[in-house]
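S.K.: Both chains come to you apart, so use the hints to assemble them.
Chains as they are written, first to last, in the working numbering: chain Y, 1 to 437; chain F, 1 to 264.
Among the clues, some could well be false.
What the hints assert, rightly or not - Computed, partial: chain F to chain Y, Cβ under 10 Å:
id, residue
1, P59
2, A79
3, R85
4, L88
5, V96
6, G100
7, Q105
8, F106
9, A110
10, Y111
11, T113
12, V114
13, Q166
To be verified - Incomplete in silico selection of chain Y near chain F, CB under 10 Å:
id, residue
14, A387
15, L388
16, F389
17, G395
18, S400
19, L405
20, Y407
21, A408
22, F409
23, E412
24, D415
25, V419
26, Q425
27, D428
28, L429
29, L431
Please keep in mind that the hints were generated in silico from the structure rather than gathered at the bench.
The structure displayed is predicted, hence computed values, not measured ones.
Backbone N, C-alpha and C define an ideal beta-carbon position, used for all residues, glycine too.
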Amino acid sequence: MNTLIKNVSFQEWISSWNSGKITAPEHSTNYLDQLRTNAVNHIAALKFPSTRDEEWRFTDITPLKHAAFKQPSAATELTASDLTQYFIDESVIRIVFVDGQYMPGLSSTAAQHGVTIDSLSKLVATDISAVTQHLGQIAEYHNNAFVALNTAFMQEGVGIVISENIVVDAPIHVLFVATQQEVTACPRCLLVVGAGSRITLVEEYLALTDCAYTTNAVIEAQLADSANVNHIRLQRESREAFHIANTSVQIAHAASYQSISIALGAQISRFDQHISLADQHAQCSIDGLTLISDQQLADTHTWIDHIKPQATSRQLHKCIADGSAHAVFSGKIIVRPDAQQTDARQMNRNLLLSDKASIDTKPQLEIFADDVKCSHGATIGQLDADALFYLQSRGLNLASARNLLTYAFGAEVIDFIPVDSVKQQLADLILAKTRIH
Amino acid sequence: MIRADSSILLEVHDLHANVEDTEILKGLNLTVKRGEIHAIMGLNGSGKSTFAKVLAGHPAYRMTGGEILFNGMDITSLAPEERARAGLFLAFQYPVEIPGVANDQFLRLAYNTVQRQRGKEELDPLEFDDFVREKMKLLDMNPGFLDRSVNEGFSGGEKKRNEILQMALLEPMLAVLDETDSGLDIDALRIVAKGVNQLASQDNALILVTHYQRLLDYIEPDYVHVMEAGRIIKTSGKELALELEAHGYDWISGDKTRASGVQP
Ligand SMILES: Nc1ncnc2c1ncn2[C@@H]1O[C@H](COP(=O)(O)OP(=O)(O)O)[C@@H](O)[C@H]1O
Ligand SMILES: [Mg+2]
Numbered sequence: 001m002n003t004l005i006k007n008v009s010f011q012e013w014i015s016s017w018n019s020g021k022i023t024a025p026e027h028s029t030n031y032l033d034q035l036r037t038n039a040v041n042h043i044a045a046l047k048f049p050s051t052r053d054e055e056w057r058f059t060d061i062t063p064l065k066h067a068a069f070k071q072p073s074a075a076t077e078l079t080a081s082d083l084t085q086y087f088i089d090e091s092v093i094r095i096v097f098v099d100g101q102y103m104p105g106l107s108s109t110a111a112q113h114g115v116t117i118d119s120l121s122k123l124v125a126t127d128i129s130a131v132t133q134h135l136g137q138i139a140e141y142h143n144n145a146f147v148a149l150n151t152a153f154m155q156e157g158v159g160i161v162i163s164e165n166i167v168v169d170a171p172i173h174v175l176f177v178a179t180q181q182e183v184t185a186c187p188r189c190l191l192v193v194g195a196g197s198r199i200t201l202v203e204e205y206l207a208l209t210d211c212a213y214t215t216n217a218v219i220e221a222q223l224a225d226s227a228n229v230n231h232i233r234l235q236r237e238s239r240e241a242f243h244i245a246n247t248s249v250q251i252a253h254a255a256s257y258q259s260i261s262i263a264l265g266a267q268i269s270r271f272d273q274h275i276s277l278a279d280q281h282a283q284c285s286i287d288g289l290t291l292i293s294d295q296q297l298a299d300t301h302t303w304i305d306h307i308k309p310q311a312t313s314r315q316l317h318k319c320i321a322d323g324s325a326h327a328v329f330s331g332k333i334i335v336r337p338d339a340q341q342t343d344a345r346q347m348n349r350n351l352l353l354s355d356k357a358s359i360d361t362k363p364q365l366e367i368f369a370d371d372v373k374c375s376h377g378a379t380i381g382q383l384d385a386d387a388l389f390y391l392q393s394r395g396l397n398l399a400s401a402r403n404l405l406t407y408a409f410g411a412e413v414i415d416f417i418p419v420d421s422v423k424q425q426l427a428d429l430i431l432a433k434t435r436i437h
Numbered sequence: 001m002i003r004a005d006s007s008i009l010l011e012v013h014d015l016h017a018n019v020e021d022t023e024i025l026k027g028l029n030l031t032v033k034r035g036e037i038h039a040i041m042g043l044n045g046s047g048k049s050t051f052a053k054v055l056a057g058h059p060a061y062r063m064t065g066g067e068i069l070f071n072g073m074d075i076t077s078l079a080p081e082e083r084a085r086a087g088l089f090l091a092f093q094y095p096v097e098i099p100g101v102a103n104d105q106f107l108r109l110a111y112n113t114v115q116r117q118r119g120k121e122e123l124d125p126l127e128f129d130d131f132v133r134e135k136m137k138l139l140d141m142n143p144g145f146l147d148r149s150v151n152e153g154f155s156g157g158e159k160k161r162n163e164i165l166q167m168a169l170l171e172p173m174l175a176v177l178d179e180t181d182s183g184l185d186i187d188a189l190r191i192v193a194k195g196v197n198q199l200a201s202q203d204n205a206l207i208l209v210t211h212y213q214r215l216l217d218y219i220e221p222d223y224v225h226v227m228e229a230g231r232i233i234k235t236s237g238k239e240l241a242l243e244l245e246a247h248g249y250d251w252i253s254g255d256k257t258r259a260s261g262v263q264p
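Just chain F, same shape as in the assembly (with noise of 0.2 Å):
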């Protein structure tokens, strides 16, 4: 008998993506269970923001091959709202300006959204702005940022709080968080974190896509995995992040040997 491990958030599995006709993702495997953080390293260029936007649905990137079973349920013919509603978050690592949308009506209208979705009570403008002025004092975000369009002008550090600000306001099953980090000052980093950190419980997951060791001190994660060419070629614990922060990535670099992309 065949019986769905409940545990597991999601599982992807050979995966293969392009971008108009050139293949980008080329037999990505990764299984993320519930309560795990996980952290995705690697080169510029070796596929990191491909893969996120995928999972969230982005239209411009085509699906060739394997699957994506996101709570157990295949998603890769769901649109993107539908995912979000799933649970499933990304935080892109280049938040788009969006002149004349005031933030405040964006971040209710995608709370209620989800809210709606969950079964759950909506919020109107005034109940809303009490909520979100809480949420964004965990981050020690400026209500100044409620009033304006979104991200339009913010700094690269504002509008990588913003994203959080929207994790936290959607409460995500599987958050994927791409390159949340860059950009932001030692202060900054360590507000997210803590926000982040908040967020994690044994029921959600969280996938970091990052450059930086210095991140994962504030996050700890429970595996880390080196992306290269549109693959997960390695594999390991946290101490990984180390040795690619004091060694760099040269010397996993094509050595298949010891590809997996399956953590243990």
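So here's chain Y without its partners, still in its complex pose (with noise of 0.2 Å):
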């Protein structure tokens, strides 16, 4: 065994950045300080990520370690009109975020008959027991550092309760913005839809700064029997970056959850997706596209846990690597003894555009149950040369011809998004280098 190499304790990382401990809440018996204060507690029995582990495998983050980024200070004052430009045409109830807090001031939160949206300190001293049954609940931080440190900054973060049998029909936009740089921001939200209801929800990240900084995000989502939920999430931090996010949905009995995660921006991104399929007939289809071009890394991890019989599960993972990037992708999906005639279904298809681009893919079937459909995939593949052909010998250069085609791959999952200006917003983005004007 090697001596030397000397596991750094996440206490001392915090230590580093934050010139001193993080500090538990004053006694409390209020239900947000006590998860608090646990998880500061527990901080110090958890170290900090390593090659050595096996889910940080093909991850580095090093750099993210050598970065010593302290909380943010005041929140910046920012007014709306600096952020209209990101607003999605079609979101009524908008909730954002700057530098991982909560910001009222600049959301719109509007009463909507069986829609409640307010910080989590106030939530939980108003004793909404659907905040205090399952914040903390979902979001496992006993193994993870990162949610652990998350829940130890909990009290800036938002939480989002839907009642029974509730359709919002325009989607809900949570907007995390960066605007300082070199700090580390712990942004939170807790989604939790009732029975039979239905709801959008696009979560969105991007920075107001070109520099470096820290994201570090956990949503929690518990969705109650037969509620259906699309989450859309774009990752577009500023390419100097870190971002770690967690995301735990359950999901109960003929529940539904479709995800599309589109990964584009920061140096170093890490997104943690943890499935529960916790009753009979849950559903869910958890989608991705990575891509990413010059010194980028993005690593995709996902669970998905078949817990009850007869759930559905579908995924398609999709990376796309250029320059000297990185993508890394692990699905790991579970199916427990009791979880008969689960139906589960993965594919992971990656497109190399060049030769430093590297892609590891670890797609995983653990299966304790004997009647069960399972299959899951992976590709790797390059650009098709006689497709490139055919649409220079239309007159489109090589550049148009690979950005379009690159496009294409990518365009299976942006079509599932629901939300047609954010469809179209990523496709300008993509094509940006194609468009015609």
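M.R.: This is the structure:
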């Protein structure tokens, strides 16, 4: 054993950027404060992930370890007009975070019947049971240092509570804006969707700075029986940023969760998605697209846990890596002994656009039941030379042809997005070089 | 004094080309003037599609000798898109399916690229939509094909019509149609032929690669060439196609005395 390699504890890392320990809240019986205290106390037992950990094997986050980013100071003064260009046309409800902190003044949570949105501290203070029942219960922090850290700072987070049988037609836009450099923001969001309710959530990360900073986000979601949630995730952080995110979703009886996660930004990004199909006939389809270039690293880890019988899961994950970029996909599907008649399908397709780019992929099935339908597969390839020639023979230059085919590869995932303006925005972004004005 | 003959659109001289390390084209000669229609016939594997792709600049085929002059310009070092913008068009024998690229978007991109090259007006999506629908009417094409991915799931005949639609949009100076007739039923053939004939003028020219006489009933060639083993071994008038239909290729095959490749 190499005794020269010292395990840096997570606590040490935090101390280095926070010039001292993070402190637990004052003694309090408040649910939120207790949760935070527990998380703070637990952090001492956790270490900073390294490539010697199986779940971090392909992803070296040493640069993050060396980045001593403190907590954000006072929130940057922004007005809604600074952000309007990022608003989604279709959205009515908008929740804005700046540097990890929920900003009611920039948000638009105008009362809709059956929809409650407020800061976690307020929701806990008024004892909203949906919040105290689920907050901190879905996103596991005991084995995850980043979730623990986020939990320690979660008082700045927001809760979205939807009562039973409510349909929110317009997408709810949750916008995480980074403005300060060299800070670590820990935004937190809890989503509780009542039985039979239906919503679309657009979770978006973007930056008003080109500089380095860290986002360490946690989203927890609980879908009650027969609820239906579309969840679109757009990660467009600055090219210098570190982005660590955990999303944990619990899906009850006959509820249905569809997510489409797009990763475009950050220097190093890591997205963990934990899905529990917690009851019969629960369904999920979780699709993803990673599109990176230059020196970017983007890692997506997903876990789909089939706990009860007759649940269905679908997954299509695509990675496109150009330049010297490095994409990672690890997708684990667990089928528990009780989960008979599970129907699970996973597909991972990868496109390498340059000789220096690399993609690591690790699809895994762990099946403990015998009457199941499960399949998975992975492919890796390059742009089709005949298709490139076909486009060139119609007058498109090589760069445009490559661009168009690259977009086309990703379009299969982008086309799943049920919000037109978001779909269009992504198409424009990716096709920017091809568009003819 | 040597003067370029402006009536000559394409001049191919002693063309040799390889795929990987195998020589496929072995000294091909062909001259095409403005206003002419040429047919190239020949057995499978004789190199017709290879010739078409070499003309269009496919990177998998390496030219090892000879020259290609298009409109008086040596195009051998031009990229495929530069040849296309210069007015060369290839209707593919096997059009490529491109999932994820909408046909209308692709058509507009191609159209505007060529328009810009010619210093002509580009069209925005709405203008283009009107324009392309008119062109589709001429080819009796369902506008539904605009919303689908390029060639994806199209039948053989639908793909061929989509090729001719592209030709109609790009208005090339020289179009090479590689077996555009195969896979078309007689009605479709008539429609495609009508479309092609409408585009033919005294300024442009056409090379039809085909196996069958029947296309030539609708598009009348000025010359018929027979290709074998990478060369044109016989050139004659349109009656040659009828002879080939009646007697096959055996009677000319390997008969080097008749090989010419340079039309009268
Ligand atoms: N990409 C390629 N790779 C290998 N061989 C090829 C390729 N393209 C053409 N050939 C070979 O070149 C010869 C001529 O083919 P082709 O030009 O398609 O003939 P035709 O169109 O007259 O039927 C054939 O023997 C064919 O197998
Ligand atoms: Mg052929």
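S.K.: With 10 Å as the cut and Cβ atoms as the points, is E412/Y at the interface with chain F?
M.R.: This hint holds: E412/Y lies near chain F, its Cβ roughly 6 Å from the closest one there, short of 10 Å.
S.K.: Next item in the hint list is L429/Y. Is there a CB on chain F closer than 10 Å to its CB?
M.R.: violated, 16 Å
S.K.: Does G100/F meet its interface restraint, that is, does its C-beta lie within less than 10 Å of any C-beta in chain Y?
M.R.: Check passed: Cβ of G100/F comes within 3 Å of chain Y, closer than 10 Å.
S.K.: Identify whether the interface hint at L388/Y stands, where standing means a beta carbon of chain F within less than 10 Å of its own.
M.R.: Status holds, d = 9 Å.
S.K.: Let me know if the C-beta of G395/Y comes in closer than 10 Å to any C-beta of chain F, holds or violated.
M.R.: holds, 4 Å
S.K.: Would the stated hint for V419/Y survive a check requiring a Cβ distance to chain F of less than 10 Å?
M.R.: Hint violated; V419/Y Cβ to chain F Cβ min 19 Å, cut 10 Å.
S.K.: Regarding the hint that L405/Y lies at the interface with chain F, is the smallest CB-CB distance below 10 Å?
M.R.: Constraint on L405/Y satisfied, holds at 7 Å.
S.K.: Against chain Y, is A110/F within 10 Å by beta-carbon distance?
M.R.: OK, holds: A110/F within 10 Å of chain Y, min 4 Å.
S.K.: Would you check whether P59/F satisfies its interface hint, that is, whether its CB is within less than 10 Å of any CB in chain Y?
M.R.: With a minimum Cβ separation of about 7 Å from chain Y (threshold 10 Å), the hint on P59/F holds.
S.K.: Holds or violated: the hint that Y111/F contacts chain Y, with Cβ atoms closer than 10 Å.
M.R.: holds, 8 Å
S.K.: The hint names V96/F as touching chain Y; please verify it with the least Cβ-Cβ distance against 10 Å.
M.R.: Result: holds, 4 Å to nearest chain Y Cβ.
S.K.: Would the hint on Q166/F stand, with a C-beta cut-off of 10 Å toward chain Y?
M.R.: holds, 6 Å
This entry does not satisfy hints 25, 26, 27, 28, going by the numbered hints stated previously.
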